[in-house]
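4 protein chains.
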Amino acid sequence: KKGLLERLKEGPVVGDGSMCMTLEKRGYCRAGQWTPEAVLEYPDAVKQLLREYLRAGADVLQTPCYASSDGRLKRGNIIYTKKSQTSEINEAACEIAHEIAQEGNALVCGGLTPVVSYSKGKDETIVKGEFEGQLAGFIKRKDIIDFILAEFFGHVEELEICVDVMKKAKLPIACTMKLGPIGDLNGVSVEECAVRMAKTGAVLIGINCLFDLDTCLKTLKRMRDALDKEGLKTPLMCQPLGWRCPETANMKKGYLMLPEFPFALESRQVTRFEVHKFAREAYNLGAHYIGGCCGMEPHHIRAIAQELAAERKLDPPVQGTCPPLGYLHNALSLRKEKLKKEFWMSLKAGSGAPFNAACVEPYA
Amino acid sequence: KKGLLERLKEGPVVGDGSMCMTLEKRGYCRAGQWTPEAVLEYPDAVKQLLREYLRAGADVLQTPCYASSDGRLKRGNIIYTKKSQTSEINEAACEIAHEIAQEGNALVCGGLTPVVSYSKGKDETIVKGEFEGQLAGFIKRKDIIDFILAEFFGHVEELEICVDVMKKAKLPIACTMKLGPIGDLNGVSVEECAVRMAKTGAVLIGINCLFDLDTCLKTLKRMRDALDKEGLKTPLMCQPLGWRCPETANMKKGYLMLPEFPFALESRQVTRFEVHKFAREAYNLGAHYIGGCCGMEPHHIRAIAQELAAERKLDPPVQGTCPPLGYLHNALSLRKEKLKKEFWMSLKAGSGAPFNAACVEPYA
Amino acid sequence: KKGLLERLKEGPVVGDGSMCMTLEKRGYCRAGQWTPEAVLEYPDAVKQLLREYLRAGADVLQTPCYASSDGRLKRGNIIYTKKSQTSEINEAACEIAHEIAQEGNALVCGGLTPVVSYSKGKDETIVKGEFEGQLAGFIKRKDIIDFILAEFFGHVEELEICVDVMKKAKLPIACTMKLGPIGDLNGVSVEECAVRMAKTGAVLIGINCLFDLDTCLKTLKRMRDALDKEGLKTPLMCQPLGWRCPETANMKKGYLMLPEFPFALESRQVTRFEVHKFAREAYNLGAHYIGGCCGMEPHHIRAIAQELAAERKLDPPVQGTCPPLGYLHNALSLRKEKLKKEFWMSLKAGSGAPFNAACVEPYA
Amino acid sequence: KKGLLERLKEGPVVGDGSMCMTLEKRGYCRAGQWTPEAVLEYPDAVKQLLREYLRAGADVLQTPCYASSDGRLKRGNIIYTKKSQTSEINEAACEIAHEIAQEGNALVCGGLTPVVSYSKGKDETIVKGEFEGQLAGFIKRKDIIDFILAEFFGHVEELEICVDVMKKAKLPIACTMKLGPIGDLNGVSVEECAVRMAKTGAVLIGINCLFDLDTCLKTLKRMRDALDKEGLKTPLMCQPLGWRCPETANMKKGYLMLPEFPFALESRQVTRFEVHKFAREAYNLGAHYIGGCCGMEPHHIRAIAQELAAERKLDPPVQGTCPPLGYLHNALSLRKEKLKKEFWMSLKAGSGAPFNAACVEPYA
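Chains as they are written, first to last, in full-length UniProt numbering: chain H, 1 to 364; chain E, 1 to 364; chain B, 1 to 364; chain W, 1 to 364.
Wrong hints could be hidden among the right ones.
For identical chains, the list gives no copy identity; a pair is met inside one copy or between any two copies.
Claimed, not checked - No more than 20 Å apart at the CA atoms, straight line, and that leaves these computed lysine-lysine pairs for PhoX-like:
| no. | residue 1 | residue 2 |
| --- | --- | --- |
| 1 | Lys313 | Lys9 |
| 2 | Lys1 | Lys167 |
| 3 | Lys142 | Lys1 |
| 4 | Lys336 | Lys253 |
| 5 | Lys313 | Lys140 |
| 6 | Lys253 | Lys338 |
None of these hints come from the bench; they were simulated from the model.
Kindly generate the complete structure, drawing on both the sequences and the hints.
In structure tokens:
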């Protein structure tokens, strides 16, 4: 099995997609704390979703343990994890991801997330300790983990601490921030964040969550330019939201400020064709690892794999069922134009909701 | 296990939801012919989706064999079923639905669909033969089938023939038409269709697919009024689309006339709150069996079960994971108004797509 | 000067446009009671607006005395007309319209409107008396009046009484109702209204105000069909709103039920290109007198005159300043496509208001 | 009669509104070159529009001679001015503005505009000569001109040259640029433009045209901050568009890049309530001269005068006809909420056009 670095050299790598928000709709997660509960309580449902990403063409499956960190899990208000430990959750997540990755040819990526102790201003030793707690499971299961990822970081400084800890695992390291146009949560600019991320020595750096496809492209462009200026070659990674949210592009917390979050986002969900366009543009901007975060479901990941099939020198893996682009089928032949990609790429889809506005005033 | 008639007496019955369109997004169906292939090729993926409906509160699981009819399967252009027979597909579908229904307390409903021979004007004997072919599997597996449903009928006359055939099974019979405001495909009015459906002796009659929630409510109202006028007491059933499509409310083929069909419907998908409102209104109009068709996914079915929990004298079955309404969680407590149902019920969600119009000109 | 009947024989006749709502924006009317005050207090401003319609191509100028009827003027709450009489207002209106009509080749049309006594259910003698009061001024100034029009009638019965009174003037009679798809205010159908209007002997019958261009076309079609069925040849007249209001198409009071009425209708105003399209379709449906009501401003009337220039065998009268279609000018040549009518006819104009919905819930 | 400086000390000054675009709709201008023709050919129509602004509460009437500059008038493609000279037009414009200003208590402002010779890169002597040509008429009619204004400048450098020439008139000088967020046409920042404008010695500096109310407020804020930083006290002036055009906020040519320009802008027109809100915010940001440019019609100017009536220590001048806010009238009493300003201020008006998007892709 080729590793991450080898794959990145050969062509764009396709990531997986939405976990928690999708599992909530399917009935296996509760809004708020999201994923970790499910790996222990409903492993089959988690496996099924990962399998769908695999079949859609994902080259990587992340361990489904987002937000699994002792600091978070110990918060009194988290009902479902009273008895769970980070280590227990992370190990289960490793096994689940590995099992499904084996069904195809995917890599397994162990994920770390920001810690409560940092945001509470605790001493660096405590912060590092919390990251070490997250990392422990991955080190233990290093036999089935291909690389590790620090994701959803709001402060570049915290990310630097985390990557420093991650080095102990002796695995390739990737990292992404929930970074929008106005910079990180301390106001560190996109450009400085990019350079500092690259200087940690991570092999992939980028952004995930909180912002939509359009905003992601703008931030990638600025990151690429900043890296180029410094002569840094680190390839970019991006896993944006699957919802359009232009109203919150310039807010620190991005789409969390939408009134619709988290239960009424349906009409904001992108089509697979918006993802085709996005994947092409992100790739052109130097993103060599393209996946999705909340709201990017299997058919969106398939669109990335299909759009970049030539560059990846791979057939989209689900070709039997879903031919290239997935919409070449005789049963649509009454409308021959629908058999052509151009039809779909230029279509402006309606909401069917004339009494609703396109944009909604976000929270301040 | 209580049967259909007993359940209908006790309170509203919740149906299941979207199969083919949802499986297409998950990677197990191809647009065009939809479900039947999956029951043979990917039974686990089909089971998982049915399980999600069960967990969401569905009282009934339909056999996932929509469009499984020899006439259709024999069409040269259907790649995946070259070798399959209606009987083979329907039996597999029965077993799948039964297996999952057993995980809870759900009924299994065997489904029949319109036949090619009728639309081609063939002799009634041939038409009946094709329905008998569909029915055979259900008669064979009568041990695990609770009732049978003729659904998606465009001609009330064809439906009458089908119900006549179905009587041989000696099982309770339900039937639904893809009926919009302008009447059936021959122009038979909503009112006449309602009365004729009731007079077949079916224990449940109603509508499914092609039209959205608003249009469904209008049609239900007219059906109820027409039945009342004739003194007919048959309870109503409805399984509408999960997409808003006001533009095609007055077209025979409903949402099939949208340019977005079938691959770019995301921004038309209803929220769970629109389903709450719909379920309440449909129930008030006399619909005692409420489920969903294409686009109504697990969280939508859960909304029906939650909205009508009191009338059903049942807890929503997934209470552990998804508390009533699914949105009472501390992690949202930063926005206290989001903990209240009223917030969500009055929210007008945006599309985040200011360059797209609410409505799109349908095909003529 | 050719009279109304002669002109109708030669080709379509162009009416004038919005008075009260336009004068309110210009500062000469107060929302609520509208026109009559202005003819006495600000005759020059009223003349200027009529002149603009004349220059735009109107063949007819109506006397600007809408709602001038003793019953209305005597209502205690009408500040500006405490001292005015219907006769005084109507005579001033005749002179104003005549003066401007003389600047070109336009006809003068004396207008009558529904009376309070009818809606209060008074005796027919009293109702007729109120119409006679309105008619008196026109009979007196018969030297400068070319025909008379009963407009904005909500009850076909009241219109019949009015036309009966109008016959005394021995002038050609036209009549229009504020008639929407659901029929007159008593529920008399569009079809019956059309036939009864034609049977009064009026030379022109039709609809004005309350509904938008699209709704107007639908009603015209039904009127034409109903007249054809009875073998009635009376030509149709229409003076619709200049605002889009699909939300209130099926309400008795039409756009009066919009929250935006009367001060926030700007974004509903039609473009001249929508009027081009409307004029062509209305003409094709048999409308031989096409003008505008509230919101149809001079450039809209010009669009009617320009669209039907060939049928009218007339140059649009303001050709010197505004060439055919008004948009063939070198200064736009940077965008050559803008010199072509097709560009404008196919353009879907934006509102620039992404936080506003296309449609607004009307009052019930 | 109090002069400009005295009025500015006493409270906010209200400017006039749209000329050319409004006269085009009324039938007195042709799209492209706009105003100057009308002052010679249709002086009464021009006077009527100025009178409406006066009645609406404008403290200042500008000479309606926008774009009257020899360089422009000599362009072969300008039909209507073959024979006209800048001087002839400007003198007529002075007299027209003066005549109407006399009907109330308004000041007359002589307006200068950018010159062709500058944009063609001609020698400064030629540029100055062209400005001198524009200024000549105002110097000649200094008896009736209260102050002079350089407006619609795209280059701050050209503006500096113009103001330098204007000093010869020994009249108070105001100046405005068509300045959007990305700076002037040469890329000089908003902040630098503000400071350089203030340093010319003009008594009022600001922005006009090309951008909408929201964008205007953002630019005013940046100008105010830049001036404050330099300790400059010059009061601000603004005359924005009356159309919403968020799509072109970051384009040099602003709304000229909209496909709808100039004939299909109706649905973008602001309501008077948007102007109320704008006037209040602009005043709070230090704008002491607030008027309108293209698309700001009499009822919009009235909204400025009404919003700032208390600060101006003046009754809105048209009080007899249009009471404060213009919407306190018994005839609306069926909807009592409509008698309150809050109703209108919080109303989100619809476009009635569900098949049109809020935003339209501008030209690149």
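A quick look at each hint next to the structure:
For the homomeric pair Lys313 and Lys9, the shortest alpha-carbon distance inside one copy (12 Å) is at most 20 Å, but the shortest distance between copies (60 Å) is not. Taking the shortest Cα distances, Lys1 and Lys167 never come within 20 Å of each other, neither inside one copy (23 Å) nor across copies (58 Å). Proximity of Lys142 and Lys1 under a CA criterion of 20 Å is satisfied intra-copy only: 15 Å inside one chain copy versus 49 Å between copies. In the homo-oligomer, the alpha carbons of Lys336 and Lys253 lie at most 20 Å apart only across protomers (17 Å), although the nearest pairing inside one protomer, at 44 Å, exceeds that limit.
Taking the shortest alpha-carbon separations for Lys313 and Lys140, neither the intra-copy value of 34 Å nor the inter-copy value of 49 Å comes in at or below 20 Å. Taking the shortest Cα distances, Lys253 and Lys338 sit within 20 Å of each other only across copies (17 Å), while inside one copy they are farther apart (38 Å).
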